[in-house]
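Residue numbers (my numbering), protein chains in the order written: chain A, 1 to 293; chain B, 294 to 513.
Treat the hints as calculated values from the structure; they're not laboratory data.
A virtual CB, placed ideally from N, CA and C, is assigned to each residue, including glycine.
There could be a bad hint or two in this list.
What the hints assert, rightly or not - Sample of chain B residues with no beta-carbon within 12 Å of chain A, all distances over it, derived:
| no. | residue |
| --- | --- |
| 1 | Ser310 |
| 2 | Arg353 |
| 3 | Arg370 |
| 4 | Ala411 |
Said to hold, decoys possible - DEER-style ranges, computed between Cβ atoms:
| no. | chain 1 | residue 1 | chain 2 | residue 2 | range |
| --- | --- | --- | --- | --- | --- |
| 5 | A | Arg262 | B | Ala437 | 32 to 38 Å |
| 6 | A | Ala40 | B | Arg408 | 21 to 27 Å |
| 7 | B | Asp487 | A | Val17 | 30 to 36 Å |
| 8 | A | Arg35 | B | Ser488 | 20 to 26 Å |
| 9 | B | Gly450 | A | Val17 | 56 to 62 Å |
| 10 | A | Gln47 | B | Asp487 | 27 to 33 Å |
| 11 | A | Ser186 | B | Ser384 | 27 to 33 Å |
| 12 | A | Val261 | B | Glu393 | 14 to 20 Å |
| 13 | B | Thr388 | A | Leu32 | 36 to 42 Å |
| 14 | B | Ala386 | A | Ala230 | 44 to 50 Å |
| 15 | A | Ala40 | B | Thr388 | 38 to 44 Å |
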Amino acid sequence: MFDSVREAVDRAAREGVSLGEVALRAESEAGLRSRVEVEAALARALQVMRGAIDRGRQGDLRSVSGLVGGDAALVARSPGPLGGTLFTDVLSGALAVQEVNAAMGVIVAAPTAGGAGVLPGVLLGLGTRCRLDDATLVRGLAAAGLVGAVVAVRASLSGAEGGCQAETGAAAAMAAAAGVEVLGGSPEEAEHAIGLTMQGTLGLVCDPLGGLVEVPCVYRNATGAAMALAGIEMALSGVRFPIPVDEVIDTMGEIGRRMDVRYRETAGGGLAATPTGRRLARERLVALKGKPS
Amino acid sequence: MVSLLDIIGPVMVGPSSSHTAGACRIGLFARALAGGQPGSARVELHGSFARTGVGHGTDRAIVGGLLGFQPDDERLRASLELAREAGLDVSFANTTLRGEHHPNTARLTLTRGDRTIAVTGSSIGAGRISITGIDGYPVEITGALPTLVFVAPDVPGIVAAATSALAGESANIATMRVSRRRKGGEAIHVYELDSAPSDGAVEAIRALGVRMVRAVPRVA
Numbered sequence: 001m002f003d004s005v006r007e008a009v010d011r012a013a014r015e016g017v018s019l020g021e022v023a024l025r026a027e028s029e030a031g032l033r034s035r036v037e038v039e040a041a042l043a044r045a046l047q048v049m050r051g052a053i054d055r056g057r058q059g060d061l062r063s064v065s066g067l068v069g070g071d072a073a074l075v076a077r078s079p080g081p082l083g084g085t086l087f088t089d090v091l092s093g094a095l096a097v098q099e100v101n102a103a104m105g106v107i108v109a110a111p112t113a114g115g116a117g118v119l120p121g122v123l124l125g126l127g128t129r130c131r132l133d134d135a136t137l138v139r140g141l142a143a144a145g146l147v148g149a150v151v152a153v154r155a156s157l158s159g160a161e162g163g164c165q166a167e168t169g170a171a172a173a174m175a176a177a178a179g180v181e182v183l184g185g186s187p188e189e190a191e192h193a194i195g196l197t198m199q200g201t202l203g204l205v206c207d208p209l210g211g212l213v214e215v216p217c218v219y220r221n222a223t224g225a226a227m228a229l230a231g232i233e234m235a236l237s238g239v240r241f242p243i244p245v246d247e248v249i250d251t252m253g254e255i256g257r258r259m260d261v262r263y264r265e266t267a268g269g270g271l272a273a274t275p276t277g278r279r280l281a282r283e284r285l286v287a288l289k290g291k292p293s
Numbered sequence: 294m295v296s297l298l299d300i301i302g303p304v305m306v307g308p309s310s311s312h313t314a315g316a317c318r319i320g321l322f323a324r325a326l327a328g329g330q331p332g333s334a335r336v337e338l339h340g341s342f343a344r345t346g347v348g349h350g351t352d353r354a355i356v357g358g359l360l361g362f363q364p365d366d367e368r369l370r371a372s373l374e375l376a377r378e379a380g381l382d383v384s385f386a387n388t389t390l391r392g393e394h395h396p397n398t399a400r401l402t403l404t405r406g407d408r409t410i411a412v413t414g415s416s417i418g419a420g421r422i423s424i425t426g427i428d429g430y431p432v433e434i435t436g437a438l439p440t441l442v443f444v445a446p447d448v449p450g451i452v453a454a455a456t457s458a459l460a461g462e463s464a465n466i467a468t469m470r471v472s473r474r475r476k477g478g479e480a481i482h483v484y485e486l487d488s489a490p491s492d493g494a495v496e497a498i499r500a501l502g503v504r505m506v507r508a509v510p511r512v513a
């Protein structure tokens, strides 16, 4: 895959194709798998994402500790002021996948399990609202994968290394690229959507209560998806972010490297270290350890 | 080289690629080393596995692997109950392993019939694993390739005999490592192969008079 988003956008412009198409071409050129195999694997990932959203929206799942579950259904069913819009679809989709993850259900790590709700929430939310076919959505996944691959090489995709900006932040940047792809935007628009989204997640810490992928992870997937929607909408309206996207990605990596270890998945700081965060973790973890196994 | 499918994937049971998917793969690898499903398993969790493993389903994922379930198998969630039904007796303990270990490490002591094997493995991120010890021998195995393992007398000529036996059966070696606990005793041989070894290749190795010959399929 590519070392920079710029390089991929240049190639897309040269060949007159989208970023997702460039990703599919580059992947099959790498020689590990044929194009048909890559598309089939992405199509399977899409089905698993869809299944996880449907499962999570049923609302009956609880996480292993019992701290999270049921909120995807709450957002999907109760008509708030934004009820019935793309926005509620996207939020409930992201929550649903992450609730399934927390309940030991089947998800697609995209790029990680902890950030797995953002991309399906955005992509399938757009897919339903705009009646997009699966071939289009697979191209969206390819564009997202390309962005994730660049972030993996230039920065990090691990909360333990770079904080939540490297997990839900990277996922939001990936979702922004996917959204522009499936809505027919240009590679340049995708580039700006990625930058506009990622600038909003820079510095985000990883501070899960008790070290579990539950609170705030489930909600941070929903707000990550919202951030991606904001980036997509601005970019497709013509907003241009002045810092090149590769420099934004490098910045995320640099912030991650300098981030105190308390904010990198250790439950030593942030929300995990609040009085309530500590109390809930203590109660839930003790409850878990007390369970007969 | 990062592939699109490394980023959009794996398909897995949550909640954590390191604490759940990687843990399952350590169990799968240990099961294959034991030669099949063990009758009993002692699972010792170290570091972050000990601290947050239960909440991440690490215990269930390891036991699911011991039962032969893949990381995307929903039965992982119920593996502790399924183990009882399958006649696998499991016990857990938290521990601090001596020496340098990755924070996400487990030591599994498996008994199958009259044989016992101890396997130490770490989950090193994004579902990838490293098997670091077998019966006290230091090893380094990723599980991403078919792996041939055996224990042989620590005498000259075994490596040449083993590689020529593999070559005779057209098994191409990607990496190899031989390590021992002390000079002149026994040594463990680990060969990571490009494709699963044929039955003929495994028989040819067995014919060298070595013990604990195991062909472990790729688990990652």
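Task: Hint check against the structure, violated hint numbers in rising order - done: 1, 2, 3, 6 and 11
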